[in-house]
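My request is simple: use the sequences and hints to build the entire structure.
Each residue of the sequence shown is one higher than the one before, counting from 108 in this note's numbering.
Keep in mind that a hint or two might mislead.
[Said to hold, decoys possible] Listed next, with one range per pair, are the computed distances between beta-carbon atoms:
no., residue 1, residue 2, range
1, Glu515, Asp388, 29 to 37 Å
2, Glu468, Gly276, 22 to 30 Å
3, Leu498, Asp358, 31 to 39 Å
4, Glu468, Lys714, 34 to 42 Å
5, Gly276, Trp703, 26 to 34 Å
6, Arg290, Leu588, 25 to 33 Å
7, Leu327, Gly276, 54 to 62 Å
Since the hints were derived computationally from the structure, they do not count as laboratory data. Predicted model only: the values in this text are computed from it and were never measured. Built from N, CA and C at the ideal position, the CB exists for glycine as well.
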Amino acid sequence: MSRSLLPRHTALAGALALAFVSTARAQAAPSDNATALPPVVVTGNPLGSTDVAHPATVLAGDALVLRRAGTLGETLNGLPGVSSSYFGPNASRPVIRGLDGERVRMLGNGAGSLDASTLSFDHAVPIDPLVVDRIEVLRGPAALMYGGNAIGGAVNAIDNRIPKQPVQGVSGSVEGRVGGAERERGGAAVVETGNGAFAMHVDAFGRDTEDLRVPKYRPLEGGQLLDETNRVRNSASRTKGGAVGGSIFFDKGYAGLSVDTYDSRYGVVAEPDVTIRMKRDHVGFAGEVRDLGGPLKTVRAQVNHTDYRHEEVEGTGEIGTTFKTKGSELRLEAEHAPIGKVRGVLGLQVEDMDFSALGEEAFVPDTRTRKQALFALEELPWAGGTLQGGLRAEHVKVASSGDADPAEPKFGGADERTFSLASASIANVWKFDAAWSLSGGLSYTERAPTSFELYANGVHAATGAFERGDPSLGKEKGTNLDVALAWKSGPNRLRVGAYTARFSRFISLDASGDTVDIVDGGTTESFPEYVFRPVRARLNGFEIEGAHRLLDGAWTLDASGKIDLTRGKNLDNGEALPRIAPLRATLGLDAAQGLWSGRAEVEHATKQSHVPSTDRETPGYSIVNLALNRRFTFGESNDGLVFLKVTNVGDRLAYSASSIDTIRGLSPLPGRAVKAGVRVNF
108 MSRSLLPRHT
118 ALAGALALAF
128 VSTARAQAAP
138 SDNATALPPV
148 VVTGNPLGST
158 DVAHPATVLA
168 GDALVLRRAG
178 TLGETLNGLP
188 GVSSSYFGPN
198 ASRPVIRGLD
208 GERVRMLGNG
218 AGSLDASTLS
228 FDHAVPIDPL
238 VVDRIEVLRG
248 PAALMYGGNA
258 IGGAVNAIDN
268 RIPKQPVQGV
278 SGSVEGRVGG
288 AERERGGAAV
298 VETGNGAFAM
308 HVDAFGRDTE
318 DLRVPKYRPL
328 EGGQLLDETN
338 RVRNSASRTK
348 GGAVGGSIFF
358 DKGYAGLSVD
368 TYDSRYGVVA
378 EPDVTIRMKR
388 DHVGFAGEVR
398 DLGGPLKTVR
408 AQVNHTDYRH
418 EEVEGTGEIG
428 TTFKTKGSEL
438 RLEAEHAPIG
448 KVRGVLGLQV
458 EDMDFSALGE
468 EAFVPDTRTR
478 KQALFALEEL
488 PWAGGTLQGG
498 LRAEHVKVAS
508 SGDADPAEPK
518 FGGADERTFS
528 LASASIANVW
538 KFDAAWSLSG
548 GLSYTERAPT
558 SFELYANGVH
568 AATGAFERGD
578 PSLGKEKGTN
588 LDVALAWKSG
598 PNRLRVGAYT
608 ARFSRFISLD
618 ASGDTVDIVD
628 GGTTESFPEY
638 VFRPVRARLN
648 GFEIEGAHRL
658 LDGAWTLDAS
668 GKIDLTRGKN
678 LDNGEALPRI
688 APLRATLGLD
698 AAQGLWSGRA
708 EVEHATKQSH
718 VPSTDRETPG
728 YSIVNLALNR
738 RFTFGESNDG
748 LVFLKVTNVG
758 DRLAYSASSI
768 DTIRGLSPLP
778 GRAVKAGVRV
788 NF
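Have a look at this one:
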């Protein structure tokens with residue numbers, strides 16, 4: 108395969124766009140101003156089924172506005188089965204059922220983010236929640252649709268930058284936010300316009316924050332307690348970006364393009380004088396043709412290209428390390444005509460990513476990763492419910508360029524590994540009646556080791572360890588079983604689910620017990636050695652969530668609750684897997700009357716004592732949060748929401764058990780804070 112698929116992808120995008128547009132007819136598309144997404148889960152659900160067997164959570168509308176934080180990880184933290192890696196307030200990836208990093212696939216409109224956030228905990232995800240319309244979280248393996256990188260789950264941020272439904276006239280929204288423990292000053296604006304046959308989307312966002320305020324504490328760094336403070340050092344940030352996109356509609360589909368940029372500057376909590384300058388530019392194409400007749404019913408296509416740059420700037424202004432990623436992705440899905448009662452989708456996915464790390468602190472060589480996959484998903488209604496089954500075959504090639512300068516050996520010579528992967532799943536949803544349903548899924552997944560799991564060899568500043576990859580690593584293999592019983596009647600609902608995941612080969616980063624001495628400017632510093640190695644592992648857990656209407660009249664009062672637990676174990680040494688959230692419970696009361704609504708909740712996390720010998724226990728905590736909201740309307744069809752939130756009312760000192768040990772003692776969770784905001788839709 109050629110070194111880069113970008114020229115091919117660009118040409119293919121143009122050809123696809125031409126093919127889609129050439130099928131347009133003289134009549135304009137329907138004039139319905141339907142910019143809202145359908146109420147069904149779209150992530151991992153190409154057939155648009157209303158009943159999805161695998162557990163999914165959707166955030167949209169007012170619920171998303173009120174949960175928005177500076178990162179996707181913190182926005183989603185606290186949802187059933189979801190915690191965050193929390194490397195301070197600026198870098199936080201979602202952790203799903205104890206799995207994080209490369210095992211959780213970050214998506215934007217169904218396409219891979221293609222950044223460097225899985226390489227290190229201090230690397231942020233270049234997706235800002237301020238301009239996202241909807242976030243969907245798949246808990247459990249989504250590898251069938253998105254590859255081995257989704258062996259633990261997937262998070263899809265949907266922003267409508269390529270409109271998929273016709274637009275008439277002008278609509279949009281404006282949102283502003285101030286306050287919080289980080290003293291945020293942020294805002295975003297989205298405008299969409301169209302005439303039924305053409306739609307255009309424009310958005311812009313910006314956010315500035317200061318060092319995070321926390322309850323008074325003594326930071327713990329390298330085993331030493333520092334002076335007491337109530338600020339997390341070097342945690343300020345500035346982020347901005349925007350996008351322009353447009354779509355052409357015809358009687359059987361659409362074709363659209365978008366261009367967006369994300370630019371962020373933020374401090375690295377682990378290093379008091381290091382700032383990260385991150386920039387991502389992205390170009391995307393998406394299109395769909397429906398009602399084709401013949402063996403294919405619908406064809407959907409996506410082509411995306413990302414250019415990502417990440418610089419770590421020392422206090423002197425010198426750039427210590429530069430990470431660059433250029434990646435392209437092609438995704439085709441074809442829904443075939445029904446075969447009896449069977450509906451199904453066939454798909455092709457191709458990814459091409461070049462990664463480079465320049466600078467003295469680079470601990471991974473330049474690498475190239477190529478992926479090609481074919482997948483199929485079939486669905487059959489039967490007496491026992493709706494049965495889904497699927498297969499995915501994937502080929503992955505990971506190549507290292509080796510040492511840039513043979514005179515300074517670090518990574519060895521050039522090397523290349525290839526992996527043939529297979530994933531399969533079967534799931535069923537059985538609806539007893541209109542209120543009750545039972546779902547279950549069994550899946551087998553395989554993941555290729557990443558470039559850093561294979562070829563890392565150096566000091567990783569974010570973890571304070573010398574990390575060593577293993578070029579001989581085999582593919583990661585896992586089996587997952589998930590069952591859930593759900594009930595819903597009006598505003599009342601309950602879901603009880605349990606899961607287990609077993610890995611015969613789980614790629615784990617473990618301490619070897621040795622230290623590595625690094626000489627820098629005549630000074631020798633010792634670092635603990637951590638090695639990527641395959642182990643047998645098991646994760647078990649459960650999730651319970653529900654709500655009940657207590658009062659129903661002029662005033663409504665609803666009680667809601669959630670409790671979840673994940674336990675992970677390294678079966679080779681009998682120790683717990685690291686960075687797993689403890690038993691967590693949330694109890695809330697929601698009251699509403701007319702245009703007013705409010706919420707009071709208590710979040711509780713127990714002490715996390717199930718940790719490996721290389722980690723420390725994390726104390727439990729209870730945090731009270733309050734919110735007051737008022738909706739308003741103006742004009743004929745305009746509305747808005749004003750909100751006021753008080754978080755951590757008791758100003759309790761708390762730490763995240765899913766953070767790495769080297770950062771946990773430096774960055775507690777936010778202290779008591781007040782945040783206000785307004786969103787206007789027009």
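So does Glu468 sit 22 to 30 Å from Gly276, Cβ to Cβ? Since Glu468 and Gly276 have Cβ atoms about 52 Å apart, the given range 22 to 30 Å is violated.
Is 29 to 37 Å respected by the C-beta to C-beta distance linking Glu515 and Asp388? Given range 29 to 37 Å: holds, Cβ gap about 32 Å.
In this structure, is the beta-carbon distance linking Gly276 and Trp703 contained in 26 to 34 Å? Hint holds: Cβ distance 30 Å, inside 26 to 34 Å.
Kindly confirm whether 54 to 62 Å is satisfied by the beta carbon distance between Leu327 and Gly276. 57 Å, holds
Distance restraint hint 25 to 33 Å, applied to the beta-carbon atoms of Arg290 and Leu588: 46 Å, violated
Satisfaction of the hinted span 31 to 39 Å by the C-beta atoms belonging to Leu498 and Asp358: 34 Å, holds
Kindly confirm whether 34 to 42 Å is satisfied by the beta carbon distance between Glu468 and Lys714. Cβ of Glu468 to Cβ of Lys714: about 35 Å, so the range 34 to 42 Å holds.
When each numbered hint is compared with the structure, violations occur for hints 2, 6.
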